[in-house]
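Novice: Let the hints inform the model, and build the full structure from the sequences given.
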Amino acid sequence: MKELNKQQIIWQVIASIPKGKVCSYGQVASLAGLANHARYVGSTLKKLPSGTQLPWHRVVNAKGELSFPPNSPAYQEQKKRLETEGICFIKEKIALATYAWKP
DNA sequence: ACGTTGACCTTCG
DNA sequence: TCGAAGGCCAACG
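Each residue of the first sequence is one higher than the one before, starting from 1 at the first, in our numbering.
These aren't lab readings, by the way, just hints derived from the structure by calculation.
Note that the coordinates shown come from a computational prediction; the quantities given were computed from them, not determined experimentally.
It is possible that some hints are incorrect.
[As the list claims (entries may be wrong)] Quick list of in silico lysine-lysine cross-link-like pairs, DSBU-like style, CA-CA up to 35 Å:
id, residue 1, residue 2
1, K19, K6
2, K21, K6
3, K91, K19
4, K21, K79
5, K47, K6
6, K93, K63
7, K63, K80
8, K91, K6
9, K46, K79
10, K80, K21
11, K19, K79
12, K47, K79
13, K46, K80
14, K63, K91
15, K63, K19
16, K21, K91
17, K91, K47
18, K21, K93
19, K79, K6
20, K80, K19
21, K80, K91
22, K46, K63
23, K19, K47
24, K21, K47
25, K63, K6
26, K47, K80
27, K63, K47
28, K6, K93
29, K79, K93
Specialist: This is how it looks when you write it as structure tokens:
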């Protein structure tokens, strides 16, 4: 098939994340072929369509926390979704064992 | 076509 | 151990 766009690749990588697991932007970027382009991953996800079914909530920063401010509705919503997925939250942060280093 | 921004990561102090 | 600064690429205005 033709070369997928950067966004498409990122979508595939995020979609490859197993349920109950999360992945950091750097890891997603690496799997997407963008080794040091974690920023681009976030920017791309932000521009995602509202109807996207991508588990973008499984993508977190290297600090093991969500990239949104704690007072942001998206933060609470994402956290709630992760809990539903079975993610273990520790002090507003995600357990290291919850990271899916493998697609 | 250029400049600025960005849901970040890594390293130095 | 914690805090701050720099740097990578791509897309938007």
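Novice: Now tell me, hint by hint, if it's right for this structure.
Specialist: The hints, checked one at a time:
At roughly 23 Å between alpha-carbon atoms, K19 and K6 fall within 35 Å of each other, so this suggested pair holds. For a cut-off of 35 Å, the pair hint linking K21 to K6 stands: about 23 Å separates their Cα positions. The suggested pairing of K91 with K19 holds, with an alpha-carbon distance near 21 Å, which does not exceed 35 Å. For the hint linking K21 to K79, the alpha-carbon distance of about 13 Å falls within 35 Å, and the restraint holds.
Between the alpha carbons of K47 and K6 the distance comes to roughly 12 Å, so the proposed pair stays at or under 35 Å and holds. A hinted pair counts as satisfied when its Cα atoms are at most 35 Å apart, and K93 with K63 qualifies at roughly 8 Å. Straight-line distance between C-alpha atoms of K63 and K80 comes to about 18 Å, which keeps the hinted pair within the 35 Å bound. Taking the CA atoms of K91 and K6, the gap is near 34 Å; set against the 35 Å cutoff, the hint holds.
In summary, the hint linking K46 to K79 is supported, as the alpha carbons are separated by about 17 Å, within the 35 Å threshold. Distance check on the hinted pair: K80 and K21 sit about 14 Å apart at the alpha-carbon level, within 35 Å; holds. For a cut-off of 35 Å, the pair hint linking K19 to K79 stands: about 14 Å separates their Cα positions. Of the pairs offered as hints, the one joining K47 and K79 holds, with about 20 Å between alpha carbons and a cut-off of 35 Å not exceeded.
Only pairs whose Cα atoms come within 35 Å are accepted, and K46 paired with K80 is accepted, the gap being roughly 19 Å. For a cut-off of 35 Å, the pair hint linking K63 to K91 stands: about 12 Å separates their Cα positions. Restraint check: the Cα-Cα separation between K63 and K19 comes to about 20 Å, which is no more than 35 Å; the hinted pair holds. Our distance criterion of 35 Å between C-alpha atoms is met by K21 and K91, whose separation comes to about 18 Å.
Distance check on the hinted pair: K91 and K47 sit about 29 Å apart at the alpha-carbon level, within 35 Å; holds. For the suggested pair K21 and K93, the alpha carbons sit about 13 Å apart, so the restraint of at most 35 Å is met. For a cut-off of 35 Å, the pair hint linking K79 to K6 stands: about 27 Å separates their Cα positions. With a C-alpha separation of about 14 Å, the suggested pairing of K80 with K19 holds against the 35 Å cut-off.
Distance hint between K80 and K91 is fulfilled; the C-alpha atoms sit about 14 Å from each other, no more than 35 Å. For the hint pairing K46 with K63, the CA-to-CA distance comes to about 19 Å; that is within 35 Å, so the pair holds. A distance of roughly 23 Å separates the Cα atoms of K19 and K47; the hinted pair therefore holds under the 35 Å criterion. For the hint pairing K21 with K47, the CA-to-CA distance comes to about 23 Å; that is within 35 Å, so the pair holds.
At most 35 Å may separate the alpha-carbon atoms for a hinted pair to count; K63 and K6 meet this at roughly 24 Å. Taking the CA atoms of K47 and K80, the gap is near 22 Å; set against the 35 Å cutoff, the hint holds. About 23 Å separates the Cα atoms of K63 and K47, which keeps this hinted pair within 35 Å; it holds. For the proposed pair K6 and K93, the alpha carbon gap of about 29 Å is at most 35 Å, so the pair holds.
Among the hinted pairs, K79 with K93 is consistent with the structure: their alpha-carbon atoms are about 9 Å apart, no more than 35 Å.
The structure agrees with every numbered hint stated previously.
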